[in-house]
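Residue numbers (the working numbering), protein chains in the order written: chain D, 7 to 372; chain R, 765 to 1135.
Everything labelled a hint here was simulated from the structure, so no lab data went into it.
It is possible that part of the hints are untrue.
[Claimed, not checked] Example chain R residues on the side facing chain D (calculated, C-beta under 7 Å, incomplete):
| id | residue |
| --- | --- |
| 1 | 830 |
| 2 | 1022 |
| 3 | 1077 |
[As the list claims (entries may be wrong)] Residues from chain R that keep clear of chain D, each with C-beta distances beyond 12 Å, as calculated:
| id | residue |
| --- | --- |
| 4 | 775 |
| 5 | 783 |
| 6 | 851 |
| 7 | 871 |
| 8 | 890 |
| 9 | 930 |
| 10 | 955 |
| 11 | 975 |
| 12 | 995 |
| 13 | 1011 |
| 14 | 1125 |
Think of the CB as a built atom: it goes at the ideal place given N, C-alpha and C, for glycine as much as any other residue.
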Amino acid sequence: MSVPLARRQLLFRKGRAVAGVAGIAAALLLVLALKAIFAGINDRLTAYIDKSGADVIVAQRGVDTMHMTQSALPEQTATAVAAVPGVAEARPILYAPAMIERGEARGIAYLVGDDSGGAPLPMATGRRARAGEIVLERTLAERLDARAGSGVRVFGRTFRVSGEVDGLASILNSVAFVRRQDLARVLESVGVVSYVLVRARPEIGGAELAARIEASVPGVTASTRAAFASSERRVVGDMTTDIVRAMILVGFVIGVAVAGLVAYSATLSQIRDYAVLRAVGLRVRGALALAVAQVGATVAAGFLLALALVWALAAILPRLTPTLVLAIRTADVALALVVAGAVALAAAAFPVLRVARIDPASVFRR
Amino acid sequence: MAGGSVPVAQRQLLAEPVKLAVTLVAVAAAVALVLLLSGLRRGMGEQVTLYLDHQAPVLVAQQGARDFLSQTSVLPEALAGDIERVPGVAEATPISQEYAMLRLHERPVLALLIGFDPGKPGGPWRLASGRAPSGSSELVLDRVLASEHGLEIGSTLEYRGAQLRIVGLSRGTSGFMTPLAFAPRTTVNALSRRPGTANFIFVRPDPGGSPDALAARIDRAIPGISALTRREVAANDRRQFVDPFSGPLFAMVAIAFAVAILVIGLAVYSSTAERSREYATLKALGLGRRALFRLIGVQAAGLALGGTVLGILLALTAARAVSELAPKYLIAISAGGVAAIAASALAMALVAALVPARFLARLDPASAFRR
């Protein structure tokens, strides 16, 4: 028969064990939540491109992103692209960040001038924009309280809302659609387009078609949808790398401090028990394993609690703030697990150093 | 001990130096995190308006425009002449501006590209080396961005199919996530295929003229535009850029506060629980409930204040290190922020002392004699 010493020692003071688990969970939650927020921004960042139906995106030479990017091509580029063998459809769009206002309410959106009105993106409500009309993303429409038929001001002009699309907004921006000529007029960009969205014929792959377009049409960069989206994600990834690294470091320090504190206090309060165990024959290795097992169990429980909390946040937050989407990625969970492992290893040093110095004879001295 | 007093709280705190050190480090880490996050938010606000802060106090944009960074504004450049005829205007300078997704080391790197008319305001206000751009393919790049990517005067970079040669490096132009780059306005317009246009027109009032009054006058005099003060536009930019990050930052700050309270509570609770026999003895000797609570409170306050001081020093050191090692980030720790965190330390101590106080309240004095 064996005695579950580690478990009993850990649960001897339940309040301390719970506080330790909560502290480690909070530290790991810092890492997990931040990564999930950035992953959520990334997902929404490419949502328009992902759902645009384009196999290839043609831009001004050297341009392979849309977010915070400028691209200007002569309108004839769309005709030239359409003539490339393998192209089923070449749809020019104009693209500009714009302030959309209704009364005192306002919001920034990427305004897409597209004669198809954003097809094949499904409409959540209403219909696609005609001349003088605009389609808003649902969260922006709610914020502006601009339902179908309402007027909104963009670039000093009034557009009538014709419908809503869904799932394109992040905490950073929203998306809206108008007719291309409407946008060209207000931007003094008649004869210019930003991108050409290309649909490939079934017999040709995106990469092959992109290469063919670049070879046939001068002054353009053609990217497959996957490559374009990946480039977009890399922009946000690169911008946030340092912040994520800093947060991992802080999460690690707090985690080590909390776990170390819990383990060290637990060891101190049970130092006599350890001495007794040593006196009745438990080897130093066994005593150390006991201390490490407690730290490991606390950190593991903290990790699981952090995971549960971030799942809960991912479910609750979008209901409270629809643009704040948390995306939990396996790689990010693995990263938090690595941080947790490092926390456990570092924190175990505190009790280990104390337990290793225990003199079994000390139990008989008092 | 006749006539003397025993510093029980102090002795208990110092009885286990390792535990004390770990507790202080944990509290300091949490406090430093709070200060650094709020400093980063403040720094973001300051960096967002970096370019505007160095320009003329009135800004003319396309009608409906409210900010400088987040939206498009296109005006005919000839409008600058019309604006200069408005009474009270000393000078009207058109500029073109756009986000430039540069490709450096095969990675997209974002910058804010300013197109200005050489010899006029709107260009780099401080050069670290080299000269201002004048030719059509010349560029001045932020010094920090250039050094991060091994670029120097004479280097060439490709942007939107054009080859731009770096002729100067600017100082103090590392904006939040968007360092500044400067080129002649004609170059920027050509890249955007918008000749004869400007994105904004900066207006300098006559000496002593009020920016607010001038903005209102221009707005009335010229149709199809929005004339705004720089202060107003800067506030809108800050709101657009900083507010979206406020929620997540606030959540992080809340977590850090919770961790600090937890750590202090944990440290005081565990030492209280471990010394329950000593406390029971003190109770049996007649030490009142108030004095016992004070004992707990002093320990919690000591840990909170010690950790906070250490945390403030840590945050200031980290902010300094960031400005040396990663100057593109500005962490602006304010005196108000430090004062707020110091005041919060007392609140943390109070909350953290609740659990051990409850434990002591329930402690039976007779337990001192049971073993």
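How the hints compare with the structure:
1. 830: Holds, because the Cβ-Cβ distance from residue 830 (chain R) to chain D comes to roughly 5 Å (cut-off 7 Å).
2. 1022: holds, 6 Å
3. 1077: Status violated, d = 15 Å.
4. 775: Consistent with the label, residue 775 (chain R) stays out of reach of chain D, its closest Cβ about 16 Å off (over 12 Å).
5. 783: Label violated. Min Cβ-Cβ 6 Å, cutoff 12 Å.
6. 851: holds, 24 Å
7. 871: For residue 871 (chain R), whose nearest Cβ neighbour in chain D is about 6 Å away, the distance does not exceed 12 Å, so it is violated.
8. 890: Residue 890 (chain R) is indeed farther than 12 Å from all Cβ atoms of chain D, at 25 Å.
9. 930: holds, 17 Å
10. 955: Given that some Cβ of chain D is not farther than 12 Å from that of residue 955 (chain R), nearest at about 7 Å, it is violated.
11. 975: Non-interface label stands for residue 975 (chain R): nearest chain D Cβ at 21 Å, farther than 12 Å.
12. 995: holds, 18 Å
13. 1011: Nearest chain D Cβ is 6 Å from residue 1011 (chain R), so the label is violated.
14. 1125: Residue 1125 (chain R) is indeed farther than 12 Å from all Cβ atoms of chain D, at 15 Å.
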